[in-house]
Amino acid sequence: MKARRAFLAVFAFFAVFAPALDAQAPDRPAVGADRPFQLASRVERTLPNGLRVIVTRQSVIPKMTAMLTVLSGYSSDPPNMTGLANLTAEIVQEGTKAKNSRQIRREIFGMGGSLSATVSQDFSTLTVRGLSEFAPQLLGMLADVAMNPTLPADEIAILKQQHLQSAMQQKASPQFLANREFRKALFGDHPYARTSENEATLQAIDRAALESFHHTHYRPNNAFLLIVGAVDPNAAFTTIERSFGGWARGDVPKPSFPGPPALSGRKVVFVQRPNSIQSSIAIGNFALKRSDPRWFELSLANTIYGGAFNSRIIRNIREEKGYTYSPASTLTGFADAGFYRFAADVRNEVTGATLTEVFKEIDKLRAEGSNGPELAGAKSYMRGIFPIQTATQNGLALTLNNVYVFGLPKDYPETFSAKVAGVTPEQVKAGAVTLLGSENSVITIVGDWAKVKDQLAAYKDITFLDTDGKKIAAPQ
Amino acid sequence: MRKLILCAAAIVIAASTLSAQSTAGFSVPVDYKKLPNGLRVVTSENHSAPVVIVEVMYRIGFRIEPRDRTGFAHLFEHMMFQGSERVPKFEHVRIVNENGGVLNGSTRFDHTNYFELMPSNALELAMWLEADRMRSLKITPENLKNQQNVVSEEVRVNVLNQPYGAFEWLGLPQKANTNWYNAHNFYGDLTDLEAANLDDVKKFFDTYYAPNNAVLVVVGDTTPDEVMKLAEKHFGGIPARPLPPRPDISEPPQKEEKYVTESDKLARTPAVAFGYHLPERMTRDFFALSLLDPLLVSDESAKMYQALIKENQIASDVSGGFNYGLGNNFDYNGPMLYTFRVDYRPDLTGKDVLKVVDKVIESVQEHGISEDELKQAKVNFRSSFLESFEGGNIPLFGRSDLLAALALYDDNPNRINTILADLDKVTTAEVQAAAKKWLTPANRTTIDRRPEGAK
Chain W
1 MKARRAFLAV FAFFAVFAPA LDAQAPDRPA VGADRPFQLA SRVERTLPNG LRVIVTRQSV
61 IPKMTAMLTV LSGYSSDPPN MTGLANLTAE IVQEGTKAKN SRQIRREIFG MGGSLSATVS
121 QDFSTLTVRG LSEFAPQLLG MLADVAMNPT LPADEIAILK QQHLQSAMQQ KASPQFLANR
181 EFRKALFGDH PYARTSENEA TLQAIDRAAL ESFHHTHYRP NNAFLLIVGA VDPNAAFTTI
241 ERSFGGWARG DVPKPSFPGP PALSGRKVVF VQRPNSIQSS IAIGNFALKR SDPRWFELSL
301 ANTIYGGAFN SRIIRNIREE KGYTYSPAST LTGFADAGFY RFAADVRNEV TGATLTEVFK
361 EIDKLRAEGS NGPELAGAKS YMRGIFPIQT ATQNGLALTL NNVYVFGLPK DYPETFSAKV
421 AGVTPEQVKA GAVTLLGSEN SVITIVGDWA KVKDQLAAYK DITFLDTDGK KIAAPQ
Chain L
1 MRKLILCAAA IVIAASTLSA QSTAGFSVPV DYKKLPNGLR VVTSENHSAP VVIVEVMYRI
61 GFRIEPRDRT GFAHLFEHMM FQGSERVPKF EHVRIVNENG GVLNGSTRFD HTNYFELMPS
121 NALELAMWLE ADRMRSLKIT PENLKNQQNV VSEEVRVNVL NQPYGAFEWL GLPQKANTNW
181 YNAHNFYGDL TDLEAANLDD VKKFFDTYYA PNNAVLVVVG DTTPDEVMKL AEKHFGGIPA
241 RPLPPRPDIS EPPQKEEKYV TESDKLARTP AVAFGYHLPE RMTRDFFALS LLDPLLVSDE
301 SAKMYQALIK ENQIASDVSG GFNYGLGNNF DYNGPMLYTF RVDYRPDLTG KDVLKVVDKV
361 IESVQEHGIS EDELKQAKVN FRSSFLESFE GGNIPLFGRS DLLAALALYD DNPNRINTIL
421 ADLDKVTTAE VQAAAKKWLT PANRTTIDRR PEGAK
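Each protein sequence line maps, in turn, to chains W and L. This note's numbering puts the first residue of the first sequence at 1, with every later residue one more than the last. This note's numbering puts the first residue of the second sequence at 1, with every later residue one more than the last.
Think of the hints as simulated: they come from the structure by calculation, not from any bench. Heads up, a few of these hints could be off.
[What the hints assert, rightly or not] Ranges between beta-carbon positions, derived for each pair: (1) L:Asp-206 - W:Thr-330: 32 to 42 Å; (2) L:Asn-104 - W:Asn-440: 30 to 40 Å; (3) W:Thr-463 - L:Asn-312: 34 to 44 Å; (4) L:Asn-417 - W:Asn-80: 47 to 57 Å; (5) L:Gly-325 - W:Arg-249: 45 to 55 Å; (6) W:Arg-249 - L:Ala-24: 37 to 47 Å; (7) W:Gln-389 - L:Ala-240: 35 to 45 Å; (8) L:Ala-166 - W:Ala-328: 12 to 22 Å; (9) W:Ala-353 - L:Gly-325: 26 to 36 Å; (10) L:Lys-229 - W:Ala-418: 29 to 39 Å; (11) W:Thr-330 - L:Asn-417: 35 to 45 Å; (12) L:Asp-206 - W:Gly-422: 45 to 55 Å; (13) W:Asn-440 - L:Ala-24: 56 to 66 Å.
[As the list claims (entries may be wrong)] Sample of chain W residues lacking proximity to chain L, with all beta carbon distances greater than 10 Å (derived): (14) Ser-101; (15) His-215; (16) Asp-251; (17) Val-268.
C-beta atoms are modelled at their ideal positions from N, C-alpha and C, and glycine is treated no differently.
With the hints as constraints, model all of the structure from the sequences given.
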């Protein structure tokens, strides 16, 4: 009723409002010619101990980022100690032979800096960032924590306590639960199923395990150092040789990857979260490992499906139907495998309808592919945002880090635009088929079963879990 | 360390040393002009990448939205993507994406901003898009209804279905303030959002979305001449409109401490948020507290982290800042809180946390901070300030947004290059005096957010 009354109002609105169609309002302007895009050259050297070093100058602001990436991450955790790589990357910052935790933090603070860790499936990265006037000190600090950590027992106790509390806290987040269970359902026993530590795995991690992980994996021949910022590459190498030259090589075991489990049918995992007023949905399937040359076709298919604001599923379920605020469609590639995932939070009443629309759009793109202005627009989008993503020191560093983690071609940034432009409509159609599993998908829903069960009657293969991830009977 | 620098210079002849001279003199180019219709135009050239950001910031935020329409300023932000005279619904998004760009908007206390981040060959296209919706917003009832649904889902996903319910940035101002403008639900009650109609949309647009109530900022691969030429062409024909008088948004001084406990149906562990009313923006006390802030709560080195997590081991995380969760020290223009959030141990209460917090603050009030700490805080602030120029995931946005706020609120975007000098003058005595005056229990409001069923 409200909408109907408002409908009448619109005419009055424009009758009065009829925005003074001033004749001077200019017509839509054309876009100019492409402007050249050229990143600064990268200087790469390998130290005698095997540490690869890549330096590039990017001087928009007088700061710098240095990322030391060890090519061991969650996949190298023992199965009963998920989180070991993550805790190792954090505890090394809490004390070295020369400095205690507090001294390290105070020095970093005084250089306008930060020291932090990021751990993913295949790697662990320690990052220092700060004002470039402190470049030698920042690099020295990075070397010190990577090479000479003391892993003090009291700091380990504090760190574990923090992580135990976070692990408990995260279980209240529907997006966290949706992602955790999606990955477990998709990857099964494959190490890529592991996304987060829990109380049990945290309790199992002790000082000996941390020391062993550091001793084994933090080796120069298992690492690379990437520096982006207002620095002179040649001058940087002198400091780097001094700081990292004494790091000893080691034999580093590589994680072993079983083949990921086969996926057949639409498998639903429902996480019962009482009091939910939305369903947090994740839908997806296996895709490609990051280094696969078909990555560009899959990325274009993803851009068209849901990877850009101007995409089919966002236009449909957000701008036409108003089911959700924040749908997200992502292609993720690791060293050994990759996956596709669509995610959205929708009000309880439209849970079933959202699944219907997601698969309808998937099946349409798989069957028909994309051509014409839509494909041209997707190519422009991908080519246009690349210079945007690399316009900051951190953005450029993250892009380059992927090149070295996944062994992408060294000229990846320089050839990106041409490779996107060269993808054919046939390749995009094939890419859509690989990207979007449709009949073979994992569907994870975090919500309140009683509120949505009638909408999911069509799905027969449903596993129910509680927020700890334990199997339960179908909730009433 | 000095020795290391000399070494590098000696070995790499003719190359600059790794350690540059002090970065203290860094500044950004700022060109500032006004069109005859009152539109402020700021250009900041930067040719390091063929990229440009076009931002329009309007001086209307959620603080002074209509009283019976909580959340309307933000709902209206969504309307600005729903079509204008020459750009039908969703075309704005399509045009930007298909020309290699991204876009967004956000609603804050005292302004609403919109931007397109594009390859620089699409500069004029982005300005045309912004001008068209400033000139001629065109909303249908279907589009309003659609975005009422989208915004309701936004409130659900960010507030109602989340543990803690955004209590530290959405809840705390409602408890700490007494003037309705500062104390209402900015994201909106779902019933108010539902009740909005096209009349509201028209009235709001007519009242606030005028060129003389806005600033256009362009940062990146362009020149002031090009920007001014295009600004005149596309925005020059949009007439100025009379603006309403600004309502009284002042906040009476808080006389005694406020402390409330809330029960959270979704959270598993407790958290506490507390906020102190801040002195007026750009005053001496404001600058003094701006430098105390990084020493108190910026990172693991800070006093709060050391006291709560390392020494007393009663918390797992602490964070905080001015305009916390919504902006920074400079992008607002009215009463504001200095907010902290602590995630603490389930066997304790928020009062236990405040005991440790008060010890930290009392120590600053009684003993002040050292000259060395002040010096480090200045370096740290400078670094964070420069960091904001890069803009994180949205390159150039940090710089354009700050320039826009300084143009709207201070009529002086070049303030971006002088703020650090004001901070540099701050003394340890000023920091101590400001802490004594402002960081008092009587000036503080606390929300203790506890899992339902917890003691």
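- 10 Å Cβ clearance of Asp-251 of chain W from chain L: About 32 Å separates Asp-251 of chain W from the closest Cβ of chain L, which puts it past 10 Å; holds.
- Given a hinted range of 26 to 36 Å, is it respected by the beta-carbon distance of Ala-353 of chain W and Gly-325 of chain L? holds (33 Å)
- For Val-268 of chain W, which was marked as not at the interface, is the minimum beta-carbon distance to chain L over 10 Å? holds (20 Å)
- Do Arg-249 of chain W and Ala-24 of chain L keep their Cβ atoms within the hinted range of 37 to 47 Å? Because 41 Å falls inside the window, the suggested range holds.
- Task: Please test the hint of 12 to 22 Å on the beta carbon pair from Ala-166 of chain L and Ala-328 of chain W.
- Result: Holds, at about 20 Å.
- Using the C-beta atoms of Asn-104 of chain L and Asn-440 of chain W, is the stated range 30 to 40 Å upheld? holds (35 Å)
- Query: Using the C-beta atoms of Thr-463 of chain W and Asn-312 of chain L, is the stated range 34 to 44 Å upheld?
  - Reply: Given range 34 to 44 Å: holds, Cβ gap about 43 Å.
- CB-CB spacing for Arg-249 of chain W and Gly-325 of chain L relative to the 45 to 55 Å hint: For Arg-249 of chain W against Gly-325 of chain L, whose Cβ atoms are near 46 Å apart, the range 45 to 55 Å holds.
- Item | Assessment of proposed distance window 47 to 57 Å (beta carbons of Asn-417 of chain L, Asn-80 of chain W) | holds (56 Å)
- Classify the label on Ser-101 of chain W as holds or violated, using whether its beta-carbon is more than 10 Å from each beta-carbon of chain L. Check fails; 8 Å does not lie beyond 10 Å.
- CB-CB spacing for Ala-240 of chain L and Gln-389 of chain W relative to the 35 to 45 Å hint: Check passed, 38 Å falls within 35 to 45 Å.
- Query: Within 29 to 39 Å or not, the Cβ separation of Lys-229 of chain L and Ala-418 of chain W?
  - Reply: holds (33 Å)
Hint 14 alone, counting from the list given before, is not met by this structure.
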